[in-house]
Each structure stands twice: as structure tokens, then as C-alpha cells.
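The chain contents come next:
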Amino acid sequence: MGGEVYKIPNRPWWWPKSFKFRVIFIWVIVFVLLMNLQNLRVIAASVEPFVLGLPFSLFFVFVLSIISTIAIVGIYFLWKDFVKRTD
Amino acid sequence: MTVTGAVILVFIVYVIITMIIGYIGWKRTKLTPEDYFLAGRSLGTFVLSLTLIATYASMWTFLGAVGANYRLGTSFMACMITWNLLWPLMIWLFGVRIWLLGKRFGYITPSDMFADYYQSEAMRVIASIIGIIALIPYMSIQLLGGGLAFEAATNGAIPFWAGALIMVIIIALYTFFGGLRAVAWTDVLQGLFFLIVLLALSIWTVKLTGGNPFRMIAEKHPEIFDPGRFKWSLWFGFIMTWGFAPLLPHMMQRSFMAKSGRTIAQSAVSVAILSPWFQTVTVMLIGVSALILLPGLKGKATDAIIPTLLAKYAPYVGAIITSAAFAAGMSTLDSQLISASSLITRDIWVRYIDRKADYKRETLIGKVFVLLVTVLMYVFVLTKPGFIVVLGTAGAGICIAAYIFPTIGVLFWPRVGKTAALWSLIVAGAVSFVTFAIWKFPYGVHNTLWGMFAGLITFLILTYTTKPLPYEQQEKFHGYLTSVIHGKSK
Chain B
103 MGGEVYKIPN
113 RPWWWPKSFK
123 FRVIFIWVIV
133 FVLLMNLQNL
143 RVIAASVEPF
153 VLGLPFSLFF
163 VFVLSIISTI
173 AIVGIYFLWK
183 DFVKRTD
Chain S
646 MTVTGAVILV
656 FIVYVIITMI
666 IGYIGWKRTK
676 LTPEDYFLAG
686 RSLGTFVLSL
696 TLIATYASMW
706 TFLGAVGANY
716 RLGTSFMACM
726 ITWNLLWPLM
736 IWLFGVRIWL
746 LGKRFGYITP
756 SDMFADYYQS
766 EAMRVIASII
776 GIIALIPYMS
786 IQLLGGGLAF
796 EAATNGAIPF
806 WAGALIMVII
816 IALYTFFGGL
826 RAVAWTDVLQ
836 GLFFLIVLLA
846 LSIWTVKLTG
856 GNPFRMIAEK
866 HPEIFDPGRF
876 KWSLWFGFIM
886 TWGFAPLLPH
896 MMQRSFMAKS
906 GRTIAQSAVS
916 VAILSPWFQT
926 VTVMLIGVSA
936 LILLPGLKGK
946 ATDAIIPTLL
956 AKYAPYVGAI
966 ITSAAFAAGM
976 STLDSQLISA
986 SSLITRDIWV
996 RYIDRKADYK
1006 RETLIGKVFV
1016 LLVTVLMYVF
1026 VLTKPGFIVV
1036 LGTAGAGICI
1046 AAYIFPTIGV
1056 LFWPRVGKTA
1066 ALWSLIVAGA
1076 VSFVTFAIWK
1086 FPYGVHNTLW
1096 GMFAGLITFL
1106 ILTYTTKPLP
1116 YEQQEKFHGY
1126 LTSVIHGKSK
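Listed in order, the protein sequences are those of chains B and S.
Residue numbers for the first sequence follow this note's numbering, so the first one is 103 and each next one is one higher.
Residue numbers for the second sequence follow this note's numbering, so the first one is 646 and each next one is one higher.
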């Protein structure tokens, strides 16, 4: 735009440009890995202790999920400039 | 009034409301492909959010996922909430870029985008064929669920084939006339309806257990906490399939339909709340409570837990729930029908068979294909194929495995050339099809993963060993995306 010349980025295509998005990117990978612990003996068999009426394994899943929901909602606020540009 | 009578009465009321919405959609639809297939790229946040969630959540959620929670316990729950948090992220990652390109270059189908970017008609045809092949089993599970729900709620008075037929006729009618605008508006009604019903149903089933169902399960069915009930290889396959669902043709077209980037962004936020917390948790609560209320169910009977539960505890409420199950299925099926029709019409028929077709004729042909696909799907579903969960995921997986690498090339990685994109599409599609239809889930690994693995190897080798696209072509797309997304050239 504005006559500027497009340059092919020299970072890997899958690596986010800004620091904040890099943190979210890393969290997504950690999230999927941690959720998979549910399927491993580490967490899956942990029924006790019950926390907030939930067996520990489910409580673990919910805590991770809440953090991830907040991260997704947070992207909207991180990317406000972009959102404005598309109106 | 008998239970069967109540089911039919509630269903008729539901159908009348749906038809009225479909009629209004029809009156506002112009005879152009953009209007018929994409509602004129005019959807705002509210409609887009609900059509996304209604299209994503289907009979699969209402019947199949409840059954899977019942059979597989907490490891399935963890899997389901993971993919329900991933797909809103994918709307951010892929959806906004797809919208930008769709708006700028006038794309109607994903194949339009692939063919234009890679300058390859072969890409267009093969991507369309893969999309259609993948959509058929996925569409069929909606009908399968509809037939099962009707049969269970009426204790067999309305047999499976008749329930599925009723569903087919209603959808074909409003989709044929109203196009995507009717589909999106009915999705709003259907999405709200089934989310509210799921929420009410989960509260009711937990109350029915008379306590904390998790405590009871820990005592009566501790096996549902056993690790490995849902094997890792399938676990990951499900996450890769449903987490990347925004790449399915009917979901990708939802990105084309948005009014602005803002509407996509706000819709991603909405579905990040609705999908994991209103859809996944409610389904899990119903599945877990059913372990106490309906112990000992096995196999396909677990796909009909909700209707069976209601037939036993609240037969008349079952009439409403059956309609909600239909709503879940119809809202997905109608979108897939429109998408399948657009793939055949836009990418194959008017390009290679009827090249002189004007917009009006093209729209009419699209409508005819809506009817033809409907008939084909109904015939397929009469064979009562497989488990709802397995069938839906495997079908969707074929398309996602095939589409993911060419999409990465269009949206993120300028180095990818035509050969790499085309062959990754073919290899991933073929491998995921063979590992589902011929050699099912070899070594217990899901067909999506087989397809993605084969596609990735092909994609990487050919990307680094064959020519990239001309610089002008890269600049046209990636330069534009970079300038809008980052606000300047970089």
C-alpha cells in the first residue's frame, strides 16, 4: 500500500510477528499438550481430590480451558488496529 | 394426546416457523451466485456467530458426542473442549485472511481461491471433488441422526426412513428457494433453539441424578476416569479434524459471507464462549448423568441417549427435544448442501459443461444441484452407515487434511508453488480417504492424521524442490494481506 514494495518476510511463516501473539502461539501448543495429559496416567486417573465438586482431572481440564478462552477473547483486544482497518 | 402426536405437533410448529424464515429469505434473495451462495457477503456479527455455531454443532453434537462422553468418559470430554477452543482460534488465524481475499477477488468457493492463487484449473477441480466427497458422509450423519431421533422419540411409530425423509424434504424446500440467506437466518433460530435446549437438558439431567453425578460416577463407574479409554492416536485425530473445521468448504464459505473483518473477529470471540462452555460442557453433563440414569447402553444405542432418556423420564418434553435435535442437524445440513451445490455448480458445471450460463442460469443450476445432492444423500443414509461420531469425523478429516497445506500457501507462506500445493492436495486427500474407506484407521491412527502426515511430507519436499509462484503473484496476495493485517508493508 502507498507504493511500498512488498518483501517476503525472513522469519518462518508459522512464527507470529509480535511478541504478544508469540506468547499466545506458545500457549496454544502448551494447552494441547497439557490437555493430552488427561489421556495419560499423570492426570486421568486423578479422581481425588474433588475440587469445586469436580474430580481433579476435570477440574484440571476446566482451569486450562478458562485460561484459553481468556486468551482467545484477548486476541480481539490485541488486534484492535487490524479490526478497525477492515471496516 | 399420544407422545407420537405431541412429537408431530411440536415438529409441525417448528417447521412452520422455519419455513416462514425461509420464505422471507427467498423474497430477499437476488438471482446471483453471490447472493444465493453467500447472502451477498452481508452477514453481521449476530447472524454470523450463530450460523457458525449452528453449522459447526450438528446432530453429531446432540447425539454422537453425548454417546461418546457416555462411552469414553473424561478423556473424550478433554478432547472435545480442546477442539472447541481451537476452532475459534482458527477463525482468527484463517478466517480473517480468507475474508480479505474473498472480498477483494470475489471468491465464492474455496476452490476459486486455490485456482486463482496457484493459477491452476486442476487445483479447482480436484479441490471441489475432494470437498464433495468429504461432505457426503458428513451430511449423511445429520440425516442419520434425524431418523434415529424421530424413531426413538416416537417409540418406532415413525420409522427411521420416514424421519430422515421428512428432514430431507423440509431442508430441500427452504434451501432451494431461499439460498444462503434463508439458511443463515434459520441457523439463528436453530442455533439459539438447540443451545437453550442443551443447557436446560443438562441442568435437568443433573437434577434427575439426585446429587453430584461426578461423585456417583466415581463410585459406580470409576472406569470412565481410566486413562487411555480414548486412544491418543484417535484423540489427536479428532482435535486436528474439528480444531481445523474452519477449513471445511461450508465453514470456509462462512468467512466469505461476513460483512467486515470486525464481524469475523467478534464472531470468533462469541464462538470461543458459546462452543466450549454452552455446547461442550452441557453435552458432557448429559453424557455423564446418563451413565447413572441409563446404565448399560452399548454400541449404536449410545447415539440415541437423549431421545431414550426423554422417552423414559419425560415423554412429552421429548417432543421439544426431538425438534431441537432436528434443528442441530438441519442447521448443519442446509449449509453443507449449499456448499456442495456451489462446488459442483461454480467449479465444475459452469466452467466445463455450460460455459455460456449467465448469473441467473448459474443460480438456477445451483438450485437443481441442491435437490440432486439431497436425493443422493438420502439414498446413502438408508444404508445406516457406522457410528455418528466416527463417520462425521472421518469424512471431515479427508477435506481438512487435503485443504490445509494449499491454504497455508495462499495465506501464509509465499514460498509454496503450484506443484507442492497440488500434490499435497491430492496425496493428503487420497491417503485420508484410503485410511477411512478401504483400510480403516491403520494401527489405530485416525485418517486425518494419516492424510496430514502424507500431505505434509509431499508439501515440504515439493516446496523446497520446485519453483515458487512468480513474485508478482506472491505480491498480489501476500503483499495485500500484510498491508491490511499489519497496517504497512514489511
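If you are wondering where the hints come from, they were derived from the structure by calculation, not from laboratory data.
Please read these numbers as outputs of a predicted model, since none were measured by experiment.
Where a beta carbon is used, it is the ideal one built from N, C-alpha and C, also for glycine.
Where hints are given, some of them may not hold.
[To be verified] Quick list of in silico lysine to any residue cross-link-like pairs, SDA-like style, CA-CA up to 20 Å:
#1 S:K904 - B:D183
#2 S:K876 - B:K182
#3 B:K122 - B:K182
#4 S:K876 - S:D1003
[What the hints assert, rightly or not] Some, not all, of what chain B presents toward chain S, calculated at C-beta under 8 Å:
#5 V163
#6 R187
#7 D189
Structure-based check of each hint:
1. With a C-alpha separation of about 17 Å, the suggested pairing of K904 of chain S with D183 of chain B holds against the 20 Å cut-off.
2. For the hint pairing K876 of chain S with K182 of chain B, the CA-to-CA distance comes to about 40 Å; that exceeds 20 Å, so the pair is violated.
3. The suggested pairing of K122 of chain B with K182 of chain B holds, with an alpha-carbon distance near 13 Å, which does not exceed 20 Å.
4. This hinted pair does not check out: K876 of chain S and D1003 of chain S have alpha carbons roughly 52 Å apart, beyond 20 Å.
5. Evaluation of the V163 of chain B hint against chain S yields a held restraint, the C-beta minimum of about 5 Å falling below 8 Å.
6. The beta carbon of R187 of chain B comes within 6 Å of a beta carbon in chain S, closer than 8 Å, and the hint placing it at the interface holds.
7. For the restraint placing D189 of chain B at the interface with chain S, the shortest Cβ-Cβ distance is roughly 5 Å, inside the 8 Å limit, so the hint holds.
In this structure, the hints that do not hold are numbers 2 and 4, in rising order.
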